[in-house]
Amino acid sequence: MLEHIELFFKSIFIDNMVFATFLGMCSYLAVSKRVATAVGLGAAVIFVLAVTVPLNWLLDQYLLRDGALAWLGPEYADYNLGFLSFILFIATIATMVQLVEIVVEKFSPALYNSLGIFLPLIAVNCAILGGSLFMQSRDIQTLGLAFNYGLSSGIGWFLAILAIAAIREKIRYSNVPAPLRGLGITFIITGLMAIGFMSFGGMLTGGDEAAQEEVPTTVQKENEDKISEEAKENTVSYNNAIKNKN
Amino acid sequence: MALLSKKDTNLLLDPLSDNNPITIQVLGICSALAITAELKASIVMAISVLFVMGMGNVVISLMRNIIPSKIRIIVQLVVVATLVIIVDQVLKAFAYELSKTLSVFVGLIITNCIIMGRFEAFALANGTWRSFLDGIGNAAGYGVILVIIGFFRELLGSGTLLGYKVLGDPIAKTGLYSIGYENNGFMLLSPMALIVVGLIIWVQRSRNKALIEEN
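Chains as they are written, first to last, in the working numbering: chain A, 16 to 261; chain B, 24 to 238.
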C-alpha cells in the first residue's frame with residue numbers, strides 16, 4: 016500500500032511528466048491557450064495513459080524482456096525481444112487510441128464531441144509513449160503499480176496543462192515584451208513552474224527507512240533522488256540509478 | 024543546371040531560421056530539451072533525428088499513393104519506429120555510454136512531432152527528392168537549436184565543451200576560475216533548457232519582427 020501511495024505522489028509531483036522530463040510538450044504548448052480545451056486534452060491523456068501503461072507492462076513482462084518467453088517452454092527462455100519494444104508499444108498505443116475513439120463515439124457522443132478532436136492527437140503525444148518507456152526502464156514490479164503509474168503520470172500532466180492554460184488566459188492582460196509574446200513567454204513560465212516543482216523533490220527523501228528496505232524499487236528511487244540532489248540532469252540520474260542497481 | 028533549384032534551396036534553408044521547427048512551428052520540443060545538458064548528447068540526438076527524418080520522409084513519399092488515409096497514422100508510426108529501432112541498435116553497439124545517457128529519449132524520436140508533422144504536411148503530398156530535402160532541412164533546423172542549447176548549458180553549467188575544460192580547471196583554479204568565476208550548476212537542471220529556448224525565441228523575434236505573435 017505504501018509503495019502505491021509513494022509512486023502516486025512521486026509521479027504527480029516529483030517526476031511530473033511536463034516539468035521533470037518535458038514529455039508531451041508539443042500538445043502542452045499548442046493546446047494550452049484556453050482552460051476548457053486544456054481540460055479536455057488533459058482528461059484524454061489521463062485516460063489513455065491509464066489504459067496503455069498496464070497493457071504495455073503485460074507486453075513487456077510476457078513478451079519482450081530478457082527471458083520473458085519462458086512461459087512458452089524452457090527452450091524459449093533465452094530469447095530477448097527487447098529491441099522490438101518501440102514498435103510494439105507504439106502499435107499498442109495507436110490501436111488503443113483508435114479503439115477508444117470508436118467506443119467513445121458509440122456510447123457517449125457528448126464525451127466524444129468534447130474529447131473527439133484530441134484523441135487522434137494523443138497517439139503521437141510523447142507523454143503516452145514516454146509513460147510506457149519509463150515504465151520499462153524503471154522496472155515497475157506489478158500490474159497494479161503499472162496502472163497506478165499510468166494514472167498518476169496522467170494526473171500530473173493534467174495539472175501541468177491546466178496550470179499553464181490558466182496562466183496564459185490571464186497573461187493576455189499583461190504587457191509582455193513584443194518578441195516574447197505567445198510562445199516565448201510560455202516557455203519561460205514553464206521553466207519557472209518547473210523550478211517550483213523541483214522543490215517537491217525533497218518530499219520523499221526523509222521517509223521511513225525500514226519500509227523502504229522491504230521494497231527494492233523504492234530503494235532504487237531513493238538513490239535517484241540523492242543523485243538529483245547533486246544537481247544532475249534528471250535523465251542522467253535515471254541512468255545512474257539503473258547502473259547502480261546493476 | 025545547379026544541383027538544387029531555388030525552390031529546393033528554400034526547402035532546405037527555410038527551416039533553419041524563419042520556419043524553424045522548434046521556435047516557430049512549435050514541434051518536437053518533447054525530446055529536445057531533456058538531453059541538452061551536454062553538447063555531445065545534443066549532437067548525437069540531432070544526427071539521429073536527421074537520419075530518421077530524411078529516411079522517413081523518403082519512405083513515406085514513396086508510399087504516399089498506396090497508404091489508405093484512414094490508417095495513415097499507424098503506417099507512419101510503424102515506419103518511424105523501424106527507423107528509430109535501427110538508430111537505437113546502432114547507438115547501443117557503437118556508443119553504449121551515450122545511449123545510456125539518452126535513455127528513453129531515443130525511443131521518443133518516434134513521437135517527435137516534427138517527424139509526424141512533416142509527414143502529414145509535406146511527404147504525403149510531394150515527390151521523393153523534395154520530401155528528402157524537406158526532411159533534412161527540418162531536422163537540421165531542429166539540430167541547430169539543440170546544439171545552441173547544448174552549447175550554452177554545457178559551457179555555463181559545467182565549464183566544458185564536449186568534455187574539454189575550456190574555461191580552465193575549477194579545482195586547480197586555473198583559467199577563468201583563478202579570477203573567481205564559478206560554474207552555474209543551475210544551467211544543468213532541466214528547467215533552464217526551457218528558459219534558454221525562451222531566450223532564443225526572444226532573440227530571433229527581435230531580429231525578425233514579422234514573427235511576433237499577437238498574444
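Keep in mind the hints are simulated off the structure, nothing from the lab.
One should not assume that every hint holds.
[Unchecked claim] Below, a list of computed lysine-lysine pairs in the BS3-like style, where the Cα atoms sit at most 30 Å apart:
(1) A:48 - B:63
(2) A:121 - B:93
(3) B:115 - B:63
[Claimed, not checked] Computed footprint of chain B on chain A; a stretch qualifies when at least three of its residues, placed anywhere within it, have a C-beta under 8 Å from a C-beta of chain B:
(4) 26-37
(5) 63-75
This structure is a prediction, so every number in the text was calculated from the model and none was measured.
Backbone N, C-alpha and C define an ideal beta-carbon position, used for all residues, glycine too.
Structure-based check of each hint:
Straight-line distance between C-alpha atoms of residue 48 of chain A and residue 63 of chain B comes to about 35 Å, which puts the hinted pair past the 30 Å bound. For the suggested pair residue 121 of chain A and residue 93 of chain B, the alpha carbons sit about 18 Å apart, so the restraint of at most 30 Å is met. Between residue 115 of chain B and residue 63 of chain B the CA atoms are separated by roughly 16 Å; this keeps the pair inside 30 Å, and the hint holds. Note: the segment 26-37 of chain A has 4 residues with beta-carbon separation from chain B under 8 Å; the three-residue rule is met and the coverage holds.
Only when three residues or more bring their CB closer than 8 Å to a CB of chain B does the claim for the segment 63-75 of chain A stand; here the count is 0, and the claim is violated.
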